[in-house]
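Protein chains in written order, with our numbering: chain A, 50 to 236; chain B, 50 to 236; chain C, 50 to 236; chain D, 50 to 236.
These aren't lab readings, by the way, just hints derived from the structure by calculation.
Be careful, since some hints might not be right.
Pairs count within a copy or across copies, as identical chains cannot be separated in the list.
Claimed, not checked - Once the Cα atoms are required to be at most 27 angstroms apart in a straight line, the calculated DSSO-like pairs of lysine-lysine come out as:
(1) 161 / 195
(2) 161 / 179
(3) 107 / 201
(4) 171 / 204
(5) 171 / 110
(6) 201 / 179
Note that this is a predicted model, so its numbers are computed, not measured.
One-letter residues, chain by chain:
Number of protein chains: 4
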Amino acid sequence: MRWIAKAAAVTGTVLLMTAGGVNAVEIHNGSISEAEVLTTQKAWGDALVAISREYDEKGVKPAQDLAEKVIDAAYGYQLGPVLFKPTLTQEPQTFRTDREGALSYFVGHNPKYPADTGFALKGWREVEVKNAAILLDGEYATTLGKVSFTDKDGKVTTVDKSWTFKKDDEGTIRIVQHHSSLPYATK
Amino acid sequence: MRWIAKAAAVTGTVLLMTAGGVNAVEIHNGSISEAEVLTTQKAWGDALVAISREYDEKGVKPAQDLAEKVIDAAYGYQLGPVLFKPTLTQEPQTFRTDREGALSYFVGHNPKYPADTGFALKGWREVEVKNAAILLDGEYATTLGKVSFTDKDGKVTTVDKSWTFKKDDEGTIRIVQHHSSLPYATK
Amino acid sequence: MRWIAKAAAVTGTVLLMTAGGVNAVEIHNGSISEAEVLTTQKAWGDALVAISREYDEKGVKPAQDLAEKVIDAAYGYQLGPVLFKPTLTQEPQTFRTDREGALSYFVGHNPKYPADTGFALKGWREVEVKNAAILLDGEYATTLGKVSFTDKDGKVTTVDKSWTFKKDDEGTIRIVQHHSSLPYATK
Amino acid sequence: MRWIAKAAAVTGTVLLMTAGGVNAVEIHNGSISEAEVLTTQKAWGDALVAISREYDEKGVKPAQDLAEKVIDAAYGYQLGPVLFKPTLTQEPQTFRTDREGALSYFVGHNPKYPADTGFALKGWREVEVKNAAILLDGEYATTLGKVSFTDKDGKVTTVDKSWTFKKDDEGTIRIVQHHSSLPYATK
Numbered sequence: 050m051r052w053i054a055k056a057a058a059v060t061g062t063v064l065l066m067t068a069g070g071v072n073a074v075e076i077h078n079g080s081i082s083e084a085e086v087l088t089t090q091k092a093w094g095d096a097l098v099a100i101s102r103e104y105d106e107k108g109v110k111p112a113q114d115l116a117e118k119v120i121d122a123a124y125g126y127q128l129g130p131v132l133f134k135p136t137l138t139q140e141p142q143t144f145r146t147d148r149e150g151a152l153s154y155f156v157g158h159n160p161k162y163p164a165d166t167g168f169a170l171k172g173w174r175e176v177e178v179k180n181a182a183i184l185l186d187g188e189y190a191t192t193l194g195k196v197s198f199t200d201k202d203g204k205v206t207t208v209d210k211s212w213t214f215k216k217d218d219e220g221t222i223r224i225v226q227h228h229s230s231l232p233y234a235t236k
Numbered sequence: 050m051r052w053i054a055k056a057a058a059v060t061g062t063v064l065l066m067t068a069g070g071v072n073a074v075e076i077h078n079g080s081i082s083e084a085e086v087l088t089t090q091k092a093w094g095d096a097l098v099a100i101s102r103e104y105d106e107k108g109v110k111p112a113q114d115l116a117e118k119v120i121d122a123a124y125g126y127q128l129g130p131v132l133f134k135p136t137l138t139q140e141p142q143t144f145r146t147d148r149e150g151a152l153s154y155f156v157g158h159n160p161k162y163p164a165d166t167g168f169a170l171k172g173w174r175e176v177e178v179k180n181a182a183i184l185l186d187g188e189y190a191t192t193l194g195k196v197s198f199t200d201k202d203g204k205v206t207t208v209d210k211s212w213t214f215k216k217d218d219e220g221t222i223r224i225v226q227h228h229s230s231l232p233y234a235t236k
Numbered sequence: 050m051r052w053i054a055k056a057a058a059v060t061g062t063v064l065l066m067t068a069g070g071v072n073a074v075e076i077h078n079g080s081i082s083e084a085e086v087l088t089t090q091k092a093w094g095d096a097l098v099a100i101s102r103e104y105d106e107k108g109v110k111p112a113q114d115l116a117e118k119v120i121d122a123a124y125g126y127q128l129g130p131v132l133f134k135p136t137l138t139q140e141p142q143t144f145r146t147d148r149e150g151a152l153s154y155f156v157g158h159n160p161k162y163p164a165d166t167g168f169a170l171k172g173w174r175e176v177e178v179k180n181a182a183i184l185l186d187g188e189y190a191t192t193l194g195k196v197s198f199t200d201k202d203g204k205v206t207t208v209d210k211s212w213t214f215k216k217d218d219e220g221t222i223r224i225v226q227h228h229s230s231l232p233y234a235t236k
Numbered sequence: 050m051r052w053i054a055k056a057a058a059v060t061g062t063v064l065l066m067t068a069g070g071v072n073a074v075e076i077h078n079g080s081i082s083e084a085e086v087l088t089t090q091k092a093w094g095d096a097l098v099a100i101s102r103e104y105d106e107k108g109v110k111p112a113q114d115l116a117e118k119v120i121d122a123a124y125g126y127q128l129g130p131v132l133f134k135p136t137l138t139q140e141p142q143t144f145r146t147d148r149e150g151a152l153s154y155f156v157g158h159n160p161k162y163p164a165d166t167g168f169a170l171k172g173w174r175e176v177e178v179k180n181a182a183i184l185l186d187g188e189y190a191t192t193l194g195k196v197s198f199t200d201k202d203g204k205v206t207t208v209d210k211s212w213t214f215k216k217d218d219e220g221t222i223r224i225v226q227h228h229s230s231l232p233y234a235t236k
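Generate the whole structure from the sequences, applying the supplied hints.
As structure tokens, then:
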């Protein structure tokens with residue numbers, strides 16, 4: 050199961066017609082397209098639902114195994130620190146710039162992070178992304194919008210979310226920045 | 050008054066000693082340095098305090114005039130939409146991707162944004178940035194951390210904040226993404 | 050007359066259908082496309098022919114005026130030094146990293162560059178670009194290939210040419226690197 | 050033997066003093082510095098000399114083995130086509146966008162490239178790079194200048210050379226564009 054699709058044709062050969070005849074040109078495109086951004090966001094939501102289902106059907110260990118695969122495929126912890134501020138974290142463990150902190154946030158059960166209850170274990174059945182704006186600039190794309198999570202009881206939770214994606218040298222699109230927060234509530 | 054310092058020497062000439070003698074090399078550096086990031090963050094905080102003082106000392110109109118200058122100097126609305134999720138905004142006006150929405154957030158008094166009370170008018174006297182991580186990649190730098198605001202009564206408000214800065218073609222560093230949120234509070 | 054077409058829609062609003070209805074998303078795309086690269090290369094060739102015709106029909110001064118406009122529109126001397134190695138230059142004036150040196154190369158008549166005879170004044174009537182490979186990465190695109198120039202007598206000159214194009218903050222595509230050379234001839 | 054030094058500290062932790070005390074910040078810097086460019090150019094020259102010496106002392110096979118290592122370490126053929134126009138190539142094999150073509154140019158002995166005599170086998174003992182200009186922009190650096198090769202008889206050959214370097218995801222700096230040409234000679 051591949052969570053984040055590798056770009057189908059980062060490098061290819063294109064035939065162009067010119068006055069002088071057909072000309073084969075090698076094209077290497079390192080830029081992310083809008084379509085790739087939308088596909089990657091959808092894959093992130095599908096992966097979250099898949100972890101929730103794995104937990105409900107098979108228990109915590111298979112859910113953790115799946116979450117590790119998702120994090121390794123979708124996030125950029127191989128590239129350096131990820132600027133990840135999850136929705137439900139608090140001081141002194143607000144930021145999860147390393148892989149272990151991200152894994153604990155999604156599936157909990159890590160004594161080093163006692164407040165983590167496992168965001169991906171909360172029975173999610175559907176994720177919808179509504180982008181307000183998208184910036185595309187080469188290997189990087191940044192998005193801002195609302196993301197809504199529906200659980201198995203039909204309850205909907207909506208968050209404000211920023212993501213920065215980077216297409217790595219192999220054409221895999223990875224999250225390098227992720228800031229999520231509950232909407233501001235007037236007291 | 051310059052809020053965001055233009056890079057002192059984006060383009061310059063450097064003398065290098067080689068076996069063959071002195072060699073003048075023209076260097077053009079479009080990348081943001083860590084020092085520039087820290088300076089730009091500090092300038093953002095200083096500007097917020099300056100707007101607060103202007104409001105307290107001279108009233109709303111001078112504060113608005115100053116806020117316009119700050120937004121034009123520090124944000125990238127000239128370049129396209131800015132992915133700005135301010136701390137205290139709500140549906141259906143959560144995101145402020147245009148200049149008018151940003152200005153209203155900082156100084157209020159815009160009937161199109163009835164919920165805005167003016168974040169920059171709240172008597173701020175000191176701003177401190179504590180970065181957790183910084184990514185530098187050419188024209189872009191992304192930061193994640195805590196920002197604390199102290200008001201004239203000594204009350205401190207701390208938020209979780211992500212910024213992406215872009216050095217534009219003229220060497221000015223501009224905010225192109227800004228996600229700010231109150232820390233998650235366990236109910 | 051526009052030599053280098055500004056990108057039609059760097060920033061735009063796109064309507065996306067989602068489960069929740071229609072969603073307007075602001076898109077800002079700073080990346081160069083393959084089509085923009087090909088259009089820009091063709092515009093460079095057309096501009097060279099236009100300068101040649103202006104010289105043949107109206108004389109050196111109008112040709113120089115046109116060349117200035119072309120250089121300001123097509124090259125990136127506003128952004129910093131351009132890494133320009135023209136086909137026919139020699140020591141100690143091989144490299145033309147500033148605007149004056151580029152202008153002299155194309156239209157000559159500058160006593161500071163006594164060897165320049167004006168490459169754009171040589172009666173060109175057709176320019177054909179055959180790319181071997183193109184790299185696309187965000188604001189930058191780099192090309193490598195053969196460029197053939199046909200003059201009014203039907204004589205064809207072919208050179209090896211590398212170009213790096215940068216899309217600037219206003220969406221104009223500019224040459225920031227240009228290395229041109231006659232094919233290696235076995236002695 | 051490492052030909053191209055990996056950046057010593059792409060990712061690191063920095064301690065910053067703030068009003069609130071010491072603050073540990075994770076820094077990830079994907080940008081190439083001027084010093085890295087100069088080091089990489091010098092390493093390219095040293096590698097060429099090393100292949101020449103290997104050939105003179107041990108013969109063609111060890112020189113070829115070394116050249117393969119150099120190409121794999123210094124060029125970006127892993128990332129896609131490299132826009133390589135070597136100094137001494139001709140139609141129809143002017144451009145060497147794949148690894149095999151590059152290897153043949155440097156060490157010859159490939160029947161598919163009958164005109165290649167092996168540029169790295171020509172007894173080079175010293176290489177000097179004189180940059181005219183350098184552009185730095187994040188992962189990419191582009192240089193333009195003269196490169197002089199001195200052989201074992203003291204004969205000097207000088208070429209005009211453009212290089213574009215890219216720092217890959219692992220921090221290795223790789224050549225993705227390389228245009229080299231003999232100086233234009235007035236006939």
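Here's how the hints hold up against the structure:
Taking identical chains as interchangeable, the C-alpha atoms of residue 161 and residue 195 lie at most 27 angstroms apart only when they sit on different chains, with a minimum of 21 angstroms there against 30 angstroms within one chain. In this homomeric assembly, residue 161 and residue 179 come within 27 angstroms of each other (Cα to Cα) only across copies, at 23 angstroms, whereas the closest approach inside a single copy is 34 angstroms. In this homomeric assembly, residue 107 and residue 201 come within 27 angstroms of each other (Cα to Cα) only inside a single copy, at 16 angstroms, whereas the closest approach across copies is 55 angstroms. Taking identical chains as interchangeable, the C-alpha atoms of residue 171 and residue 204 lie at most 27 angstroms apart only when both belong to the same chain, with a minimum of 11 angstroms there against 36 angstroms between chains.
For a Cα distance limit of 27 angstroms, the shortest separation of residue 171 from residue 110 inside one copy, 15 angstroms, qualifies, whereas the shortest one across copies, 49 angstroms, does not. In this homomeric assembly, residue 201 and residue 179 come within 27 angstroms of each other (Cα to Cα) only inside a single copy, at 21 angstroms, whereas the closest approach across copies is 39 angstroms.
Comparing the model with each numbered hint stated earlier shows that all of them hold.
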